[in-house]
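**Student:** Build out the structure end to end from the sequences listed, making use of the hints.
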Amino acid sequence: MSRLIRLDRTGHTELASWTADDGASQEAAVEAFRRELEEGMLASATMADGTAEVVRELPLDADLVVMRRPIAGG
Amino acid sequence: MEAGVLAEAAAMPWRRRASDQSLRREGRTWTLWSVGVVVTFGLPAALLIWIEPLAAPVSAIFLGHGLAVLHLQARRGARGVKPIGAATDGPERTALGLLGDLMDHGSRDLLALTGLALQPGRLGAWLVGQEGAILVRPGGHRVHCFCVRVGEAADLPPGDRVAHLLLALREDEEGFATVANRNFSGAAWRLRWELPARARPALGRARAAADA
Numbered sequence: 001m002s003r004l005i006r007l008d009r010t011g012h013t014e015l016a017s018w019t020a021d022d023g024a025s026q027e028a029a030v031e032a033f034r035r036e037l038e039e040g041m042l043a044s045a046t047m048a049d050g051t052a053e054v055v056r057e058l059p060l061d062a063d064l065v066v067m068r069r070p071i072a073g074g
Numbered sequence: 001m002e003a004g005v006l007a008e009a010a011a012m013p014w015r016r017r018a019s020d021q022s023l024r025r026e027g028r029t030w031t032l033w034s035v036g037v038v039v040t041f042g043l044p045a046a047l048l049i050w051i052e053p054l055a056a057p058v059s060a061i062f063l064g065h066g067l068a069v070l071h072l073q074a075r076r077g078a079r080g081v082k083p084i085g086a087a088t089d090g091p092e093r094t095a096l097g098l099l100g101d102l103m104d105h106g107s108r109d110l111l112a113l114t115g116l117a118l119q120p121g122r123l124g125a126w127l128v129g130q131e132g133a134i135l136v137r138p139g140g141h142r143v144h145c146f147c148v149r150v151g152e153a154a155d156l157p158p159g160d161r162v163a164h165l166l167l168a169l170r171e172d173e174e175g176f177a178t179v180a181n182r183n184f185s186g187a188a189w190r191l192r193w194e195l196p197a198r199a200r201p202a203l204g205r206a207r208a209a210a211d212a
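Sequences listed follow chains A and B, in order.
Residue 1 is where the first sequence starts when you use the numbering used here, and the numbers rise one by one after that.
Residue 1 is where the second sequence starts when you use the numbering used here, and the numbers rise one by one after that.
Think of the hints as simulated: they come from the structure by calculation, not from any bench.
Model, not experiment: these values are computed from the prediction.
Just so it is clear, CB atoms sit at the ideal spot from N, CA and C, and this is done for glycine as well.
Some hints could be false.
[As the list claims (entries may be wrong)] Reference listing, derived: stretches of chain A covered by chain B, where coverage requires no fewer than 3 residues with Cβ under 8 Å from a Cβ of chain B:
no., segment
1, 26 to 35
2, 46 to 57
3, 65 to 71
[Stated by the list, open to error] Listed next, with one range per pair, are the computed distances between beta-carbon atoms:
no., chain 1, residue 1, chain 2, residue 2, range
4, A, V30, B, D89, 44 to 54 Å
5, A, R34, B, V39, 39 to 49 Å
6, A, T51, B, V35, 35 to 45 Å
7, A, T13, B, P196, 29 to 39 Å
8, A, G74, B, W50, 41 to 51 Å
9, B, L72, A, R34, 20 to 30 Å
10, A, T13, B, H65, 44 to 54 Å
11, A, R3, B, V38, 50 to 60 Å
**Tutor:** Given below as structure tokens:
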């Protein structure tokens, strides 16, 4: 089960979850992902080796995709 | 946008991208500056004692000013990073849970103990806090302190702030160092003095990781 989550005031919110064989859940996840991008969030896909990758399209093969806010120099 | 480049760094084309070389250069500049402070305050103090040994207390005050400048700079670096405290309520616990999931077992324990997240990288070993990060350079002797935070973070629990920075760092380490503002670079022992006692073991672990 893959998850799309957003870091927010509640700690985090699960926006969608999907599996490889469930097209409807994938479509819902893609839609939720686009909505977040339109609101200015950035997407980070966590890879199996512990690295993260900036993504502009929802990688359906990723286990975890996190929507985060932009960072800035303090 | 170039693949693998931090979006925030790509939005700042006027800023030269940080690299191993640029950090080395910055480190040298900070060392020169520190030597300059010591010479500026130390030389007249020594001269004064040479001219009039009875003026030693005045020399000591002068020299103390110089040491205070160096001390304050390291303190600024240490205070910028802001370790997270113990989780108290629901959102904080939820945020810490996710942050823990993003880290390996050893780093998770260190986070619980010190409030800082350890992330090894190509430029060295990073310690990430709520509003900044410390980079321990390979060899473990020099540190760079960065001020960097989530743009609109007022409503975010501390664990989420660290998770934001950690993800950005993992996405593009050099981009992260480009976006962040520098507030100190110097010997690791200088920073250690200024860190809260709870956070010091994290610096030790990061030094060991950077030296490995």
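**Student:** All hints are to be evaluated individually against the structure, with a verdict given for each.
**Tutor:** Okay, the hints, checked on the actual structure:
1. Figure legend: the segment 26 to 35 of chain A, annotated as covered by chain B; annotation inconsistent (0 residues with Cβ-Cβ distances under 8 Å, at least 3 required).
2. Coverage of the segment 46 to 57 of chain A by chain B holds in this model, with 7 residues showing a Cβ closer than 8 Å to a Cβ of that chain against a need of three.
3. Coverage of a stretch by a chain is defined here by at least three residues with a beta carbon nearer than 8 Å to that chain's beta carbons; for the segment 65 to 71 of chain A and chain B the count is 5, and the condition holds.
4. Judged by the Cβ atoms, the range 44 to 54 Å given for A:V30 and B:D89 is violated: they are separated by roughly 33 Å.
5. For the pair A:R34 and B:V39, the beta carbons lie near 59 Å from each other, so the given range of 39 to 49 Å is not met.
6. Taking the beta carbon of each, A:T51 and B:V35 are about 38 Å apart, inside 35 to 45 Å as hinted.
7. Distance hint check: the CB atoms of A:T13 and B:P196 are about 32 Å apart, consistent with the given range 29 to 39 Å.
8. Checked against the hint of 41 to 51 Å, the pair A:G74 and B:W50 passes, with Cβ atoms roughly 44 Å apart.
9. Hint check: B:L72 to A:R34, Cβ distance near 48 Å, so the stated range 20 to 30 Å is violated.
10. A C-beta distance of roughly 52 Å is found between A:T13 and B:H65, which places it inside the suggested range of 44 to 54 Å.
11. Separation of A:R3 from B:V38 is about 54 Å and conforms to the stated range, judged on CB atoms against 50 to 60 Å.
The structure fails hints 1, 4, 5 and 9 (numbered hints given earlier, in ascending order).
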